[in-house]
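Chain B: place on chain A using the hints.
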Amino acid sequence: MTGRRTVVPFGPQHPVLPEPIHLDLVIEDEKVIEAIPSIGYVHRGLEKLVEKKDYKNYVYIAERICGICSFIHSLGYCQGVENIMGVEVPERAHYLRTIWSEYSRMHSHLLWMGLFADAMGFENLFMNCWRIREQVLDMMEETTGGRVIQGSCKVGGVRKDISVAKLKEMSERIEKTKADVEEINHVFFDDSTVIHRTKGIGYLSKDDAYHLGAVGPTARGCGVAIDIRKTGYAAYPELDFEPVVESGGDCYSRCMVRAKEVVQSADLIRQAIEKIPGGDIDVKVKGNPEGEYFSRVEQPRGECIHYLKGNGKKFLVRERVRTPTLTNIPPLVRMLAGCEMADVPVIVLTIDPCIGCAER
Amino acid sequence: MAYITKSPWIIHYDASSCNGCDIEVLACLTPLYDIERFGIINTGNPKHADVFLVTGGVNEQNRPVIKNIYRQMPKPNVVVAIGACALSGGVFRECYNIAGGVDKLIPVDVYVPGCSAKPEAIIDGVVKALGILEKKREAMKKEAGN
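Chains as they are written, first to last, in this note's numbering: chain A, 1 to 360; chain B, 361 to 506.
Don't read these hints as lab results, they were simulated from the structure. Warning: the hint list may mix true and false statements.
[Unchecked claim] Here are the simulated DSS-like cross-link-like pairs (lysine-lysine), alpha carbons at most 25 Å apart as the crow flies: (1) B:Lys488 - A:Lys166; (2) A:Lys260 - A:Lys275; (3) B:Lys366 - B:Lys488; (4) B:Lys464 - A:Lys48; (5) B:Lys435 - B:Lys496; (6) B:Lys478 - A:Lys160; (7) A:Lys53 - A:Lys154; (8) B:Lys478 - A:Lys154; (9) A:Lys154 - A:Lys56; (10) A:Lys154 - A:Lys309; (11) B:Lys464 - B:Lys478; (12) B:Lys435 - B:Lys488.
Because the structure is a prediction, the values reported are computed rather than measured.
This is chain A alone, in the form it adopts within the complex:
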């Protein structure tokens, strides 16, 4: 028996969403037939601000595209400008950028794991993930001065150095955080409640993931091994790691990828601290950018591209940001088709939607 089709609005203000996105869910009985997204609730139009802010000042706007992947956005932007101008960034700055990028990834993934647990109604797990996340934020605050917006990246290097003693302390503390994360990961991997809510739910095939343009953990959870860190920016070429790939294509696999990446990030931070060279942390940047560049970075949510174009003046002509959430929306729409109404919050969260990024 087929029921009548009904359209249920989901969002923009919804308890499971910290940020506004709107989905029109076309449902038949309890089954979702189609999901139609509509966005624009957080659109600020900040790409156009490059015409009003000098290219060095724009870094703080780039950082505020999103408050979760803030550091990596500023890194992507700075990297773009440096490449246009041919600026050689000191090795130590590359390593510091890598360390802060990985801290960002850890805090973002732990945040997501908490929200995901909350979407399943697993309050205790939510609280525990956020408890561990505070350890990461403490390290951020102690080294940069900011918890979520750091302001430590600039064109030509970084603003702050970390002392040798502090680095040593960091590598000890990261081991503790890693142990805590491993303990909590065990719940995500083996707990029957989590498995019941995630296994086989929101399936996306490898082909679909690739053709619909999925990036980051959404793609890696379907067996597509793309990780922009492997293209070798900052200090990543010198660190030893392999992208975390799972082949299930369901919510469980995407969750596994993120949970394992937190541990991987802790490992990368330890490696970077071991290998970090001495020297300067920035170079003086003179002149104005002329030319264009596509700067690619791996954010917690996937590949992010900053396209920059300058014409020799101090204001850039164009900036275009292609963010991971926006590219992950078509795969999300595919995952939602055919699911149960009650699974919608869980599936929406598995692409780790970051609307601040997506709408800029």
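This is chain B only, laid out in the frame that chain A set:
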């Protein structure tokens, strides 16, 4: 905090923030700060809420949403604007799609500055707002004649 006679429930809406303040609002609820121990609960339903936390500035798309949430909240209620963007548009005030702070649209009782606002500052703002809420409640009682 003797003046808190009831458990105040909050509702949070991200107007057009970068997420920075939003995740700090959530951080207030979780183990390190844990405001839930004072009976403060984050609800998704405007009709259950006493305190409206808004982050981010006003833009064309979210204008009706903010108004709608505010209109649905029972009286007395208080509005707390969190972060530089909710105060004035912040770093985005020159963007073509940003109309300015939240007070352009609805009356704001407490302003919490910062980019992003720290959890300590947010909690302080909410505590101040609860004082205002109590005064509003008293005033409403007087008006009703008891």
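Earlier hints that do not hold, by number | 1
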